Structure formats: C-alpha cells, structure tokens
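*Asks:* Below are the chains, spelled out letter by letter.
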Amino acid sequence: MKIKKFPYYPGCTLKQTAKNFEKSAMGTANYLGIELKELPRWNCCGAVFSLTSDDVMHQVAAIRNLIRVQEMNDSGMLDNEYHLVVLCSMCFNVLKRANIFVTKDAETLFKINEFMDEEPDYEGTVEITHFLEILRDFMGFEKIKEKVVQSLYGLKVSAYYGCTLLRPREIGIDDPEAPTIMEELIASLGATPIDNHYKSLCCGSYHTVGKDKDIVARRTYKIIEGARENGADIIITSCPLCAFNLDNRQKLSKKIYPDFQYMPVLYFTQLMALAFGKEEEAGFEGNYIDPYPVLEKRDLIHNLKVR
Amino acid sequence: MQIDEKNVNFLKKVEELSGEKITLCEQCGICTTSCPMVDEMDFTPAGIMRAVQIGDETIIESKAIWVCASCFSCTVRCPRGIDLSKVTEALRQLTLRKNVDHIDLKEVKKEKLPAIAVVSALRKFTG
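Order-wise, the sequence lines are chains H and V.
When we follow the working numbering, the leftmost residue of the first sequence carries the number 1, and every step to the right adds one.
When we follow the working numbering, the leftmost residue of the second sequence carries the number 1, and every step to the right adds one.
Because the hints were derived from the structure by calculation, they are not lab data.
Take these hints with a grain of salt, some might be off.
Stated by the list, open to error - With a straight-line cut-off of 20 Å between C-alpha atoms, the simulated DMTMM-like cross-links for lysine to aspartate or glutamate are:
# : chain 1 : residue 1 : chain 2 : residue 2
1 : H       : K104      : V       : D83
2 : H       : K251      : H       : D214
3 : H       : K156      : H       : D299
4 : H       : K156      : H       : D290
5 : H       : K211      : V       : D101
6 : V       : K110      : H       : E81
7 : H       : K5        : H       : E81
8 : V       : K109      : H       : D212
9 : H       : K251      : V       : E111
Unchecked claim - Label-pair distances were calculated between CB atoms; the ranges are:
#  : chain 1 : residue 1 : chain 2 : residue 2 : range
10 : H       : Q16       : V       : N9        : 21 to 31 Å
11 : V       : I54       : H       : E114      : 52 to 62 Å
12 : V       : N99       : H       : K145      : 18 to 28 Å
13 : H       : Y31       : V       : E26       : 50 to 60 Å
14 : V       : T23       : H       : I100      : 17 to 27 Å
15 : H       : V149      : V       : D42       : 46 to 56 Å
16 : H       : R298      : V       : T23       : 49 to 59 Å
17 : V       : E107      : H       : E38       : 31 to 41 Å
18 : V       : I54       : H       : D55       : 41 to 51 Å
19 : H       : I100      : V       : R123      : 15 to 25 Å
Keep in mind it's a predicted model, so treat the numbers as computed, not measured.
The beta-carbon is built from N, C-alpha and C at its ideal position, and this holds for glycine as well.
Work out the full structure, taking the sequences as your base and the hints as a guide.
*Replies:* Here you go:
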C-alpha cells in the first residue's frame with residue numbers, strides 16, 4: 001500500500017489533556033495508509049480567532065505555522081502537499097480563519113509578512129483540512145467500511161459537533177444546520193448513529209475556566225440528556241475542549257441535577273481504533289468517564305489484552 | 001431617550017471595530033432564539049444589537065457580552081448577514097483594550113485544564 005504523507009498540526013492540547021486523541025488518530029491514520037508528519041517548530045495557534053477588524057497581530061501565531069508547511073515542502077519532507085491536517089476543532093477553526101483573513105487582500109498579507117521579517121514570506125498556498133475531511137474526501141467512507149475488522153454493531157453512538165468544526169459557514173466542514181459527516185463515519189464502522197437535537201449546541205467552551213463552570217455543567221447536562229433520550233450509549237467528538245467539558249464536567253452536572261447519569265465521551269478516532277482492532281491504541285485510559293462498562297455490555301472489547 | 005452625538009459616535013466605534021453594519025439589524029430576534037447562552041444573559045443578543053444601534057454605551061457593562069462564547073450560532077442564521085460574534089467581541093475589546101481584565105486569575109481553581117481552555121479564556125477575558 002502506498003503511504004500518503006500529509007503535514008500535521010497537533011496544537012497544544014493534543015500533547016496534554018488530549019493525548020488519547022493524538023494516539024488514536026496516529027494509529028488509525030497509519031492503518032489507513034496515511035502518514036501525519038508533525039510540523040517542525042509549531043506553536044500555539046491562539047485557540048480562538050480574533051474577531052476584531054483591525055487585529056492583524058493575533059493572526060501572527062497561526063500564520064507562522066503555515067510557513068512551516070511551505071518549508072516542509074521546500075526541503076523535500078513532503079511531496080508538494082499543502083493540505084495541512086488538523087485534529088483539534090478549535091485549532092482547525094483558528095488556522096482556517098486566520099488563513100482567510102491574511103490572504104483576503106494583498107495589503108494584509110504584505111503587512112503580516114513585513115511584521116514577521118525573520119521568517120520567509122507566507123505565500124497563501126496552504127489549505128487547512130480537518131482529519132474528518134481526509135476520511136470523507138480523500139479516503140471515502142466506503143473504503144473505511146472495508147477496513148473494519150471488528151464491527152461496532154449494536155453500539156449506539158451520538159455525534160457531538162460543537163461549534164468550531166461547523167461555524168461560521170464559510171469554514172465549516174459540513175452543513176452548519178444539518179451536519180452528517182460524523183454520522184456517516186459512525187455508520188461505516190458498523191455502529192448505529194443516534195441523532196441529538198443538541199449536537200451542535202455550544203458546550204460553554206472556556207467558561208470551564210474560572211468561576212462560571214456551572215454554565216458548562218448545565219450545557220453538558222442538556223447535550224448528554226439529548227443523546228440519552230434518543231437512546232445513545234456514548235458520544236463522540238473532535239474538540240478537546242468540548243471533550244473535557246462533556247466528559248470531566250459531568251461530575252458537576254450530577255451535582256446540579258441529581259437524576260443525571262454519566263455517559264462516556266470519546267474522540268471519533270478512539271471509536272475508529274476500536275473498529276480497526278487497535279484497542280491498545282485507543283487510549284481509553286485518558287477518558288474521565290470509563291467507557292469500558294458500555295463497551296463490555298455491547299460485547300466489543302473481547303480482543304483487549306490490557307486493561 | 002434623545003440620541004445625541006455621543007450615541008452616534010459609540011455606534012460608529014462599534015461598527016468600525018467589529019467591521020459589521022449594525023444598523024442593518026431589524027430586530028427579528030433569530031439571534032436570540034438561536035443563542036445557547038441566552039438563559040444566562042441579562043440582555044438578549046437582539047437586545048445587545050438594539051442597545052448599540054441607539055448608542056447606549058452602558059451595554060459594555062452588561063453580563064451578556066461576556067457570557068457570549070463566540071459559538072457563531074447567531075452568525076450562521078442572521079437573515080441580514082450580520083456577524084453578531086464580531087459585535088460582542090468589539091464590545092468586550094472596548095474594556096479589555098483599556099487594560100481592564102474580566103477574569104481574576106486568583107479565582108481559577110488548581111486543576112488540570114486543557115491548554116486551549118486556558119489560552120482561550122485568557123484571550124477572551126484579558127487585555
């Protein structure tokens with residue numbers, strides 16, 4: 001099988017609370033014949049896109065990373081591949097919007113290149129691509145279906161999109177009002193996609209820091225109850241901040257709503273690792289709510305050697 | 001209330017900073033019905049828009065502009081094509097650019113948080 005190489009931007013959180021996201025993504029990508037080559041000397045993208053019209057300064061961090069993609073191609077590390085693959089939804093949003101912001105007119109691009117005079121000029125050639133888009137558009141879900149060695153038949157999975165993967169419309173990877181990309185992935189793995197009215201309702205994001213955590217806990221309750229009412233066993237997501245809020249903040253939701261019941265929250269790549277028979281690369285040890293009871297119930301972890 | 005030059009200047013300032021034409025808003029309220037945070041707010045998103053239209057500067061003291069977490073739900077639905085997330089960002093920046101922070105780091109409990117949570121909170125709440 002020919003290995004296809006893509007430049008890859010991890011972002012801070014994939015080296016920290018979302019190690020299981022990176023581990024499972026790397027494992028599944030390799031299995032599918034994709035090599036994600038980490039950018040050398042990457043830096044934090046800023047996590048949120050600066051929304052004021054006069055702010056070019058805060059685009060610098062994001063754009064520096066795109067220059068690294070040019071360098072990788074120039075040095076022969078990549079074969080003319082300018083699709084930068086991102087896993088974290090927030091980084092995806094920031095990099096894609098910053099790319100549009102600085103390339104929308106020659107003056108802004110000139111300004112940012114002048115400011116970064118210690119760097120080679122950014123030429124505006126990089127395309128920001130989410131790993132889910134690689135699965136849909138480069139691989140195709142039919143091909144993914146063929147790669148499944150352990151069907152997830154019987155498992156009821158609800159996709160949680162959050163905000164930054166879909167909105168605003170011009171950068172979203174799918175229809176912002178009726179996305180289907182994760183449901184298609186779930187179905188291709190043999191599991192049953194479960195709809196949730198709240199699948200793109202904001203989880204409260206950075207309110208998880210500081211004194212307003214309850215804002216997050218109330219939204220976590222709503223989102224998880226929405227999935228449960230429709231019969232879901234687990235939730236999958238692609239955002240490490242949503243994952244933290246939906247997973248770790250369930251404890252706080254339970255405090256506010258005593259009737260609340262815990263539900264495991266996985267990265268979509270962890271689900272893929274399971275279906276590809278790579279449980280040891282799923283990184284379930286990094287999840288706060290233990291997913292094993294529900295996976296055991298659906299008879300899905302009999303291949304697992306270590307627990 | 002009588003709209004005077006001060007009110008007009010506030011409207012102009014917010015329009016410039018956000019890059020959005022706020023007078024286009026016709027108060028249909030789709031932003032309010034789309035907002036996942038509205039039950040935590042003291043002003044509705046449409047209410048914020050109205051306050052800026054009439055140049056009511058006190059809106060920058062509202063809780064609502066800080067509760068908005070830029071989820072872009074209103075942005076994708078506004079029939080007038082206004083990006084309200086840019087408007088609330090501009091309103092927050094009017095305070096933050098005076099070097100007045102909205103978060104007291106002493107209140108942040110010691111726990112392992114995702115890096116993107118900390119970075120985004122600092123980006124949104126500090127100048």
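*Asks:* Next step is simple, just say for each hint if it's right about the structure.
*Replies:* Going through the hints against the structure:
1. H:K104 to V:D83: Holds, at about 17 Å.
2. H:K251 to H:D214: holds, 11 Å
3. H:K156 to H:D299: Status holds; Cα separation ~13 Å.
4. H:K156 to H:D290: Holds. H:K156 to H:D290 sits at ~16 Å (cutoff 20 Å).
5. H:K211 to V:D101: holds, 14 Å
6. V:K110 to H:E81: Not OK: V:K110 and H:E81 at ~42 Å, beyond 20 Å, violated.
7. H:K5 to H:E81: holds, 8 Å
8. V:K109 to H:D212: Holds - the C-alpha atoms of H:D212 and V:K109 are around 11 Å apart, at most 20 Å.
9. H:K251 to V:E111: Cα-Cα ~14 Å, so holds.
10. H:Q16 to V:N9: 21 to 31 Å: With Cβ atoms ~45 Å apart, the hint is violated.
11. V:I54 to H:E114: 52 to 62 Å: violated, 40 Å
12. V:N99 to H:K145: 18 to 28 Å: With Cβ atoms ~55 Å apart, the hint is violated.
13. H:Y31 to V:E26: 50 to 60 Å: holds, 53 Å
14. V:T23 to H:I100: 17 to 27 Å: holds, 26 Å
15. H:V149 to V:D42: 46 to 56 Å: holds, 54 Å
16. H:R298 to V:T23: 49 to 59 Å: holds, 56 Å
17. V:E107 to H:E38: 31 to 41 Å: holds, 36 Å
18. V:I54 to H:D55: 41 to 51 Å: violated, 26 Å
19. H:I100 to V:R123: 15 to 25 Å: holds, 19 Å
In summary, the numbered hints that this structure violates are 6, 10, 11, 12, 18.
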